[in-house]
Each structure stands twice: as structure tokens, then as C-alpha cells.
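S.K.: For reference, the chains in residue letters:
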Amino acid sequence: MSLFLNECYTQMNQGEVIVAYKGCINADIISNTLNLIESKLDESVPNTPVRKKLYNVLVESLQNLFHHVDIPPDLDTECESNFGVFILSKVDSSFRIATGNFIKNSKAPILKEKIDKINSLSKEELKDFYKFVLNNQTFSEKGGGGLGLIDIARKTGNRLDYNFYDYSPEYSFFNMTVLINE
Amino acid sequence: MELINIEGTPKTPTVIMNPTTGVVEIKGRSIPENSIEFYKPVVDWLDEYSSNPAPKTVVNMQLEYFNTSSSKCILDVFKKLEQIKQASADVVINWYYEEDDEDMLEAGEDYESIIKVPFKMIEIVD
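Chains as they are written, first to last, in numbering that gives the first Met the number 0: chain A, 0 to 181; chain B, 0 to 125.
Note that these hints are calculated values from the structure, not bench results. Hints are supplied without guarantee of correctness; some may be wrong.
Stated by the list, open to error - Covered stretches of chain B, as calculated for chain A (at least 3 residues, CB under 8 Å): (1) 61-68; (2) 82-96.
Claimed, not checked - Residues of chain B clear of chain A, computed beta-carbon distances all greater than 10 Å: (3) ILE5; (4) GLU6; (5) PRO9; (6) LYS10; (7) THR19; (8) THR20; (9) GLY21; (10) ILE30; (11) PRO40; (12) SER49; (13) ASN51; (14) PRO54; (15) LYS55; (16) LEU74.
Cβ coordinates follow ideal geometry from the N, Cα and C atoms, glycine included.
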């Protein structure tokens, strides 16, 4: 894998890593990852509401990688469909979920605007925004409902931190990190 | 009309829909990547059922997890139930949530505020 990706991966890799993955993302990989993490969480997170919240955010994060990903044509990968990076770690008293994927630069401003909007909203405003999108927006062609990021922000109660790393004139690597407090 | 009985999987819920008793049960996890495909037969069944519903329809929603892709489909299910209620049949939605699962309770309250059908919030205590 390219030096570029290794650098991004290193930057995302913080804290005590529970699961880290870099590679193709498909429905089977998502299922297997969720099964693996669930069995680890059953042992290590006794608090059920926290465990459920964490699991919910994991599902949304992984499925974002499934639904909203572009692949640069020059990327050296065996993946037929999606390529993504996913790291779950423990940092102090929080769980940290970092995801990374390539995105066409043309789509970056819309994504940035959406995350900035979500980060600017209060808890009540997020709830209203969620209900508005739920009730008014149709599915995208890939089946995403446009609710994933809003849901992650609501469930964690924390900011969605993000970075766009320049990859080429047409593509960037998008990294998003969220914390779930224990 | 036929009874629907879909067995649950790690990513999709158990669905039982009985046209005679009017009892609809959706239980388990709903986290498929493509939820439209999964919920299509459920929504189609309600569509047909709405032309001749039982005097009382009771819906038991007992989800452990659901993803945002499912949340739109669940709203579609509830909108069908709203139509059945508007056609003057009795409809009740029982929304189950596990003890201390405030996210799931809140999710039920979100739907309750959108749909004109009474919800009963039921906490499952171990």
C-alpha cells in the first residue's frame, strides 16, 4: 500500500487499539468486523447502554464506508468495490472510532459543509434536524439515508472531527474521528 | 391474505404479520446495508392489509439495534399504519426498549412525534 496511506493510517492510529482494519469494505467484512468487535465488547464493556451506543455508532461508521466511498483509479488495491480504513481504540476514558476513505474533491465541500452544520447544532437542534431529514429526504441511489452522520453526532453527543488529506488533484483522503464517552 | 413469517438474522429482524389477529411483530436487529430490499415485502403486505384490516391492529416493535438506513423504512411502515388508522381502524404501536436504553426510547419518541398513531413505550426489565 502506498506511503501516503501508511502516513494517514499512522495519524489515525492512536491510543490502545482494539481493532484496526485497512482494505476492501463489503457486506461480509462489515458483518465479520461487527461480530469480532461485539464479542470483544461483551467482555470489556460491562455497561450495557455504553456498549449499545458504541455498537450503533460502529454500524453507522462502517456502513458509511460501504455507501459513500470513491476510489482513485491509480490506487494500488485489489478491491473490486470500496476501500476504507477503520480503527477502534480506547483513549483515556473514551472509545475512539476513526474511519478513512477516499473521496472525489468535487464532493468534499458538500461533506465539509454538512459536518460543520452538524457540529454547530445543539442537542435539541440535532434532534429536530434528524427528524426533518428522516421525514423529508429520500434515499440516495446507494441506499444511504443521509442520516448517518447526524445519528452519530446525536448518539455520541460529541463533535465529529475530520480532516481531508490531499492525495491528487482529483481525490482526497477523508478521515473522521468520533469519541464515545464511557 | 397470507401470514408473513420472516426469520431473523444477525442483520435483519424477525417479522411476523398476522392478517387475522392484526398482530404485527418486528423483533431483533435491523442493520442491513440495503434495508429497502428487506422492508419491501413488509410495506407491500401492509398495503394489501390496509384494504381490509382487522378491527384492531397491534404492532410490537422490539428492536435491539437499528441503523439509519432502516430508520427510513420503519417510518414507511408507520406511515402505512397511520393510513390504516385514518381509515378508522384501531391501531396501537408498542415500542419496546431495554432498561436504561435512552437512545432507543428517544428513537421511539421521534417516531411518535411524526406519526399520528398512539405509541406505548414499554421498558423491558431483566
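S.K.: Checking the smallest CB distance to chain A, is GLU6(B) really beyond 10 Å?
M.R.: holds (17 Å)
S.K.: Non-interface claim for GLY21(B): all C-beta distances to chain A beyond 10 Å?
M.R.: holds (26 Å)
S.K.: Is it the case that LEU74(B) keeps its Cβ farther than 10 Å from each residue Cβ in chain A?
M.R.: Violated, since 6 Å does not exceed 10 Å.
S.K.: Under a C-beta cut-off of less than 8 Å, do 3 or more residues of the segment 82-96 of chain B approach chain A closely enough to confirm the stated coverage?
M.R.: Violated - the segment 82-96 of chain B has 0 residues with a Cβ nearer than 8 Å to chain A, which falls short of three.
S.K.: Was ILE5(B) rightly flagged as not at the interface, with every chain A Cβ beyond 10 Å?
M.R.: The claim stands: ILE5(B) keeps its Cβ more than 10 Å from every Cβ of chain A (closest is about 18 Å).
S.K.: Does the claim that LYS10(B) lies off the interface hold, with its Cβ farther than 10 Å from every Cβ of chain A?
M.R.: violated (7 Å)
S.K.: Using Cβ atoms and 10 Å as the threshold, tell me whether SER49(B) really stays out of contact range of chain A.
M.R.: holds (20 Å)
S.K.: Checking a non-interface call: every C-beta of chain A should be farther than 10 Å from the C-beta of THR20(B). Is that right?
M.R.: holds (30 Å)
S.K.: Would the non-interface assignment of LYS55(B) survive a Cβ cutoff of 10 Å against chain A?
M.R.: Fine: 27 Å to the nearest Cβ keeps LYS55(B) off the interface.
S.K.: Take a quick look at ASN51(B) and tell me if its Cβ sits farther than 10 Å from every Cβ on chain A, holds or violated.
M.R.: holds (28 Å)
S.K.: Would you assess whether PRO9(B), listed as outside the interface, keeps its beta-carbon beyond 10 Å of every beta-carbon in chain A?
M.R.: violated (7 Å)
S.K.: Far enough from chain A: is every CB of that chain over 10 Å from the CB of THR19(B)?
M.R.: holds (32 Å)
Hints 2, 5, 6, 10, 16 from the earlier list are contradicted by this structure; the remaining hints agree with it.
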